[in-house]
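*Asks:* Starting from the known structure of chain P, arrange chain D on it as the hints suggest.
There are 2 protein chains.
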Amino acid sequence: MALKAQVLYDFTAEPGNNELTVKEGETVTITNQSIGGGWIEAQNSRGEVGLVPEDYIELSKAFQGAGTTAPTPSGGNVASPDLSFFDAFAPSSTPAQASNGNDPWSVWNADSSGGSNNNNWASKPEGTQTGRSAADPWNSVPQGHPQAYQGPGAEFDEWDDEWDDKSTAGYAESELGESGAIQRGGTHSSSMKISLNKFPGFSKSGPELYLLCKQIAKDKDKLPIYVGEVGPVWAYPENQLDCIVADPKKGSKMYGLKSYIEYQITPSTTNRPVNHRYKHFDWLYERLLDKFGSAIPIPSLPDKQVTGRFEEEFIKMRMERLQGWMSRMCRHPVVSSSDVFQLFLTYKDEKDWKFGKRKAEKDETVGVMIFTTIEPEAPELDPLEVEKKCEQFSRFTKAMDDGVKEILTVGNEHWKRCTGPLPKEYQRIGKAIQNLSSVFTSSGYQGEAALTDALTAAGKTYEEIAQLVAEQPKKDLHFLMETNNEYKGLLGCFPDTIGVHKAAIDKVKEGDKLVATNKITTQDKSTMAKRLSTMSYSLQAEMNHFHNNRIYDYNRVMQLYLEEQVKFYETIAAKLKHAHSQFTTM
Amino acid sequence: MALKAQVLYDFTAEPGNNELTVKEGETVTITNQSIGGGWIEAQNSRGEVGLVPEDYIELSKAFQGAGTTAPTPSGGNVASPDLSFFDAFAPSSTPAQASNGNDPWSVWNADSSGGSNNNNWASKPEGTQTGRSAADPWNSVPQGHPQAYQGPGAEFDEWDDEWDDKSTAGYAESELGESGAIQRGGTHSSSMKISLNKFPGFSKSGPELYLLCKQIAKDKDKLPIYVGEVGPVWAYPENQLDCIVADPKKGSKMYGLKSYIEYQITPSTTNRPVNHRYKHFDWLYERLLDKFGSAIPIPSLPDKQVTGRFEEEFIKMRMERLQGWMSRMCRHPVVSSSDVFQLFLTYKDEKDWKFGKRKAEKDETVGVMIFTTIEPEAPELDPLEVEKKCEQFSRFTKAMDDGVKEILTVGNEHWKRCTGPLPKEYQRIGKAIQNLSSVFTSSGYQGEAALTDALTAAGKTYEEIAQLVAEQPKKDLHFLMETNNEYKGLLGCFPDTIGVHKAAIDKVKEGDKLVATNKITTQDKSTMAKRLSTMSYSLQAEMNHFHNNRIYDYNRVMQLYLEEQVKFYETIAAKLKHAHSQFTTM
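First to last, the protein sequences are chains P and D.
The numbering of the first sequence is UniProt numbering, which starts it at 1 and goes up by one.
The numbering of the second sequence is UniProt numbering, which starts it at 1 and goes up by one.
Chain P extracted, bound-state conformation:
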């Protein structure tokens, strides 16, 4: 019996990947349901056969394949943390007693409408993971696949799952530039993908969870903050961690039906390489975001490929960006020393990885609870002082976001000109000079070989300059763009991070009223102020970390940029000098 299915969402196949492009509303015939891993094989009306994400189609007959769970794209099968510590107050003033993970969100969701996303200055608000998969035409591959990132209770072996490089990051856009190169700028999401419905800690009333919690972190998890020359700072390790992302290798599974790229990551500590696919990076990103997102901006991973064009260039670019992302994480004293990050870099074998993975997914110190681990070695700050600082950071990050975006805009335009019309023009100048030289050669007049040779050389020089111009952006502008792109991503995380702080400030301001209405005790009120102070130290430490990195990064990238620009102009001058010398002095 031929099984028919209805296509629910557009899906664009990645070339060379045995996938099948389908359109919403199309009817396909199921040819193989036992592919597994969220994929099924289908045939379209033109007889073409290929893989389609199974949650992109709806079987026409009631049918459940063995081992598949037929989830719907709107389902949010996110991790369900143990909520036993959620004894803080909720908007209903009824402490959430739920501790079994049975839809504890509804309590918070009610209050999270409009959430802290209001603080997000990104022009295009990011949807939640599952909400945008079908709507965004740029995302040609399944998003929020229900079988990936199962809750810790699920026994599904992620290590062996099938579809590669799932990206859950809400990238605002990803375009191919005129010149066919992967476009710089605008490819990173400008905000962290903090799913507002996902964690109580990120709902509008989120900070309360921490402000009034009774749980205290274990000593070994403590994150101290010291006051240094520049103000509050994180505790930095003696030797900064770093790693090298290299050697992308194509692997395949499902008897060659699906392929993936595996990267080799070698940390400077062990110098022992581990292998990871993009989906593992994405898993790490999700863990770091859950755990640290309230206190530390966790930038999105590099963009998902739009189409299969320029595959090699794409892999190279992704690797470079994964390297950038990993280096930035390595440089962060809190992130780099976390268990989950260390696991990612230094797991010994598959068993070790699986074990660590489950442990990380069960981590309870996530969301605003991260602040329970932070211990500033400094006197408590006045809430007014906290507010002032917070507003200053908000202003600065907003201004820098504008500045970075401006650089990306002009840089992108410059990139297009340098790789498009400008070299074409130099080429045409070169050709025109050479053509004239050919005409001159045909004159039949004696003794003009010196001129025609010199003209030909000059023409060729301009053709060489055309090539130099076209290739230069890859040598300098590329890095300037990448750095600014990274900062755009980082800065996009601040509205959420700062939003959490602002919500906490607001809650502390309500303190007297809450005491008066018996919602909290006087003791609670002073606890809240103390904890707000802790949050502020955390934000200040993070800002100082950010500033320090920013100064280093911009110094370095500007030096590199200008150095390459000097070389570029000097090379052109030298070439023209040589061309000039070939004309005879009269």
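Do not rely on the hints blindly, as some may be mistaken.
The list treats identical chains as interchangeable, and a pair is accepted whether it falls inside one copy or across any two copies.
As the list claims (entries may be wrong) - Here are the simulated lysine to aspartate or glutamate pairs, EDC-like style, with alpha carbons at most 20 Å apart: (1) K416 x D339; (2) K405 x D476; (3) K424 x E413; (4) K525 x D512; (5) K249 x D363; (6) K398 x E41.
Hints are computed from structural coordinates only; laboratory data are not their basis.
*Replies:* Frame of chain P, contents of chain D only:
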């Protein structure tokens, strides 16, 4: 009594020149008829008063102002040479006996339809002087004013005529570039303005006038041709003439109502400056074209101004181009030694000028008759050899014309880019870097002054580069364009010059038939072959002169261009190097 007048042709006023813009069909009121010099003062319906060329309007009442001759724009008051020597054959085989100038053209005009213009590869054929004045919207000033360039019999004192800078050159186009600068390229006519109806010598059957003429030039006018290393060459003077065109001065007449620009021309021979207005250059051009046009390409004068915008820049540009034109004429051994050219450069006083002017206008050795003065010191060439040479020159000049136009096209595009979008882009890059520096300064973080200072300096460097880029074309591309523009003008003359030769070759080929039908004698036939040989030597000498100049000009301009380009890129590299040095090494 208010005198009304009907406007016959559109006329656009030059700003600041007391002129009045009028439209065809408009009715104006004459406010002053005694202005003189071809102008009258009129008032339009909006009450605006200004000068209008009197032949652009038609008085509503029969009225003749004292001293005005009410000419019509279509009248061709060209010089009427003494035709007493026109005893050669004509198409009618009736030797033209007309010697009084009473419309001798009709005889030739019949045969000149379609004339040698067929050989002209210019896409836009040039009309005659008077034919296009009203039709061409680019010509905002009166063209072919009947009171200028009166025949030699007229007593009108040209020295004191009123309207300035009449251009009779048929410039194909004249545009203002996007950037507002006077556009390079396309501003010169690509053909000599040989009026086909004006001289029998230029009609299709023209060369016959010379091929069979009995008149022999006086010894003192002889133009010898020698055979040198490169082939036939003109006799070159020991010291090459040159001149400097400088010091443009604004003068005015008619009590300040009309203004004009007078240039100072100082020849290297006398070192004594003479003054000339554009109209005098134009008179010289007409004389040279009439006299030498069949044998020597006489390039058009620089373009007439389109509008009054950028007056200073326009005057500078015109002077530069007049200099280029004069230098080219000075470099030509035949042109520079001619009486009329010498008169222009070395007249002693007004009387001297007037006398010489009339004499030049009465010169009978014009058109193809110039060949009567040419005496090659070389054996007679076989007509087949002549044809081969002629075709070779035709091919070469056509090919070079294409090559030169290609350079002008790409150069013009490059000019626009370098003065328009490119510097704007560098400016925006500079501004973006400086903006980021300002944001960084506002961080409140300690110890980043070194970075922000360096960033500001780098940003300013890019603003300086923007300026360098925008100004560079004036320093190098300008000269490359001007040279190619000059050559475009020169090359545009060759189709006419070569056309005369081709017509002569055709006529000589007809020799046997003409003898058989008793139209010419056997003696005539061999005279024709001999004279064709003379024409060929003339063309070869001219081609060799052209090649020699071409090699010199392109060598020189390419050297200048590349030298300036080297300086340009070196300057940028040095500026960037300095900017780079301001970043701290980490």
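*Asks:* In ascending order, which of the hints set out earlier in this document are inconsistent with the structure?
*Replies:* 1, 5 and 6
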